[in-house]
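The listed protein sequences derive, respectively, from chains A and B. Read in order, the letters of the first sequence correspond to residues 12 to 456 in our numbering. Read in order, the letters of the second sequence correspond to residues 12 to 456 in our numbering.
Since the hints were made in silico from the structure, they are not lab data. Being a predicted model, the structure only gives us computed values, none of them experimental. One thing to keep in mind: the hints can contain errors.
If several chains are the same, the list does not tell them apart, and a pair holds so long as it fits within one copy or across any two.
SDA-like mimics (lysine to any residue), calculated; alpha carbons at most 20 Å apart, straight line [what the hints assert, rightly or not]:
#1 209 to 238
#2 230 to 168
#3 123 to 33
#4 402 to 148
#5 169 to 21
#6 14 to 111
#7 227 to 420
#8 123 to 22
#9 123 to 21
#10 123 to 36
#11 111 to 352
So you can see what is in the structure, the chains are spelled out below.
2 protein chains.
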Amino acid sequence: MSKINPISGFPEFLPSDRIVEQHFLDVIRETFELHGFASIETRAVEPVERLSNQGEDADKEIYGIRRLAATADDDSGANLGLHFDLTVPFARYVLEHSGKLAFPFRRYQIQKVWRGERPQEGRYREFTQADIDIVDSGELPNHYEVELPLVIADALRKLPVPEFVIKVNNRKIPEGFYRGLGLDDVTTVLRIVDKIDKIGPDKVVERLVEAGATDKQAKLAVQLADISSTDTSFVEQVRALGVEHPTLDEGLEQLGAVMAAAAEHAPGLLMADLRIARGLDYYTGAVYEIYLVGQESFGSVGGGGRYDALASDGRTTYPGVGISIGVSRLVHRLISLGLLKGSRSTPTAVLIALTAEEDRAEAMRTAAALRQRGIPVEVAPAAAKFGKQIKFADRRGIPFVWFSTDNGPEVKDIRSGEQVPADPATWTPPGEDVRPQIEALEENS
Amino acid sequence: MSKINPISGFPEFLPSDRIVEQHFLDVIRETFELHGFASIETRAVEPVERLSNQGEDADKEIYGIRRLAATADDDSGANLGLHFDLTVPFARYVLEHSGKLAFPFRRYQIQKVWRGERPQEGRYREFTQADIDIVDSGELPNHYEVELPLVIADALRKLPVPEFVIKVNNRKIPEGFYRGLGLDDVTTVLRIVDKIDKIGPDKVVERLVEAGATDKQAKLAVQLADISSTDTSFVEQVRALGVEHPTLDEGLEQLGAVMAAAAEHAPGLLMADLRIARGLDYYTGAVYEIYLVGQESFGSVGGGGRYDALASDGRTTYPGVGISIGVSRLVHRLISLGLLKGSRSTPTAVLIALTAEEDRAEAMRTAAALRQRGIPVEVAPAAAKFGKQIKFADRRGIPFVWFSTDNGPEVKDIRSGEQVPADPATWTPPGEDVRPQIEALEENS
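Construct the entire structure; sequences and hints are all you get.
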């Protein structure tokens, strides 16, 4: 067997960091359920034709799968690819099961996705996303465009996450604006403007001109991308640029309504930012990106938007809106900044010490009695001296060691050294010691 | 977009069945943590060379992945395959991170795995497994071979699962027995005998003879596979066949110890069954298969074993033992038998009715107050008449609808029709209505 090397883009956690990730996933799930979202999981694979043509980036990123032992006449697994997000599979799930779902359908989905992009800091080829979406049959009310960021904010605020902002735009604004300007290849313009943070406004103007825009059109497109506000004042700033189009009016009205409602329910949570584009082509209305304040250069830790035409079977269309938390990106980021760690590397709160192998059966009964009351316990792997048992617990951060003594069972808090008599039927560790805790550390940066 | 068809072997749940699966996963996780197992997740992919050569079945089953847009000089993703179990990736994880783990290392892992086999009832190409393993550095005590089935039984007994039995064997018994008989190609003999349930004992004898055994050797091999006992009496039955080999002695002693200890801690849980083989080549000691009693023909719903040489870096070997619950197989089976279902299709316990769209802000505040106290709530999608709101809740199984009336807020139990005044700061539904319950139904079969 060859030497073992990590595979770039496929990160893994050690047990104590995994405890941090589990805490994030538990809080996110609990919050989504409190808001009435039902869990589903979709299979990891979709037909490649369904994954393709969702946007420039997506097409480059698909992993195909094939049975290594497949014979020529066995096409099973042919033309299947790993999903690169959870929205495209969800849209397919809705179409496939529409007869058995109740609309509007609120679902959450926490799963891995795969993207074959070039690995770089914070960009993974395999990562976990936590998505909420609401789809309806026929028409989707606009109020969901306000509700979803509130749900996401509710989850993130229960977590040890630094200050964040959800930036929001509406695809109809750039689309209407570009059309009003006379730029009709909206997708191309959008993709070029989307690079503004990477290449700067001058290069964007240059590329727009290369793509056929006049200098004036290009500059106005860049000016639009510069507009932002934490209230509805962005509307006036767009109007001041003097471009008119019915789609632009629609977009401004919808985003204005979102910002007005957000101001009532969660002042400061949303920022209208007309630079926000999202790389995927299926969005048609509101688009969101979640940023850690002051860490915008790291990129977003989540995002989403409204898609009106992704799920359609020709007869019925199921418009939807969704937002995703990039759990892996977020947790890896906070851990790598040294902001969070698990208080121990195991769920175990109590180690039952063994002085002789013959006592194992008795130790297992003690362990069972403690577990019955929700206390995580393990029995020592082998009979050993006092000091060795303490060391075993200490190495894993297990706070308590249980001993059989001539005076009956006793339990030692190995941090304080305090040792007291204990009855397996009644003794309970302090609440904060029963399960590993997430420790928020001082910022290292 | 082409018509949507399910992909054979990649099953998906509707929301109310997913609630059953989530309950299983929650109880399994909770039990594993109470027994001191730490969670890890490994990436979905491993180098193909690491996945290969783990057994006849495994090799046929590997899905390779490749970037669809990969160019000839870009070999990223080359020679990676989706894992077909969680043991091989875990062994690799142990080797990769051995310097940062504390041994013996107890871990659980609940993830999807993929196998490109021919789909048939209860055989999936994508399914979820829940594994526990304990690995040690250098030597692994035998008592873990008893502990692991006890943990699995603890989990299954907390679940609405029919009676089950864990059948256990020790690879050294057939190996020593075959060698004692003079059959030295143990792997080939094992694979042929493993087909006994499918093709019957006569065909097994025939195939063994084709593979070079004498008639007498073949018949004795089949006789061995026929031995079983719920106590240690299997030892005498093997002795009576008159075959001798030191490896056989070792296997009988180890399996005898497992059965003796199990009789003390969990009488009736284990059955020694010398037919149990497991299809994977890496097992070297105890092997387990979990069956639902009376449904043996469905195949096992879990299994595992001891592997002494899977994780080795040349200097250090990390022997391990593990058992896996085939969660997808088990849950799909129980649901398809009509034994289990979720009490509703959504986490929502209370629907806040809306009589006018202007009341949405107030309804959202009521919802937030209820959620604060752990009650899953959603606000009606649109203002509508009384009857329509009740129908909306009824269709999803939501038990309570919250109304604003001229006398203040009231809540209606739509099952009984009872409607009472309610304060968002204090009203709480009965405990069993807060979350969806798993309903165990009468057996249909």
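Each hint, compared with the structure:
For the identical chains of this complex, residue 209 and residue 238 are intra-copy neighbours only, at 17 Å inside a copy versus 70 Å across copies, given an alpha-carbon limit of 20 Å. In the homo-oligomer, the alpha carbons of residue 230 and residue 168 never lie at most 20 Å apart, since the shortest distance is 39 Å inside one protomer and 68 Å across protomers. For the identical chains of this complex, residue 123 and residue 33 are neighbours both inside a copy (14 Å) and across copies (17 Å), given an alpha-carbon limit of 20 Å. For the homomeric pair residue 402 and residue 148, the shortest alpha-carbon distance between copies (17 Å) is at most 20 Å, but the shortest distance inside one copy (61 Å) is not.
Neither within a single protomer nor between protomers do residue 169 and residue 21 lie at most 20 Å apart by alpha-carbon distance, with minima of 28 Å and 35 Å respectively. Taking the shortest alpha-carbon separations for residue 14 and residue 111, only the inter-copy value of 18 Å comes in at or below 20 Å, while the best intra-copy value is 50 Å. Proximity of residue 227 and residue 420 under a CA criterion of 20 Å is satisfied in neither setting, with 84 Å inside one chain copy and 58 Å between copies. In this homomeric assembly, residue 123 and residue 22 come within 20 Å of each other (Cα to Cα) both inside a single copy, at 12 Å, and across copies, at 17 Å.
Taking the shortest alpha-carbon separations for residue 123 and residue 21, both the intra-copy value of 11 Å and the inter-copy value of 16 Å come in at or below 20 Å. Taking the shortest alpha-carbon separations for residue 123 and residue 36, both the intra-copy value of 12 Å and the inter-copy value of 17 Å come in at or below 20 Å. Proximity of residue 111 and residue 352 under a CA criterion of 20 Å is satisfied inter-copy only: 15 Å between copies versus 43 Å inside one chain copy.
In this structure, the hints that do not hold are numbers 2, 5 and 7, in rising order.
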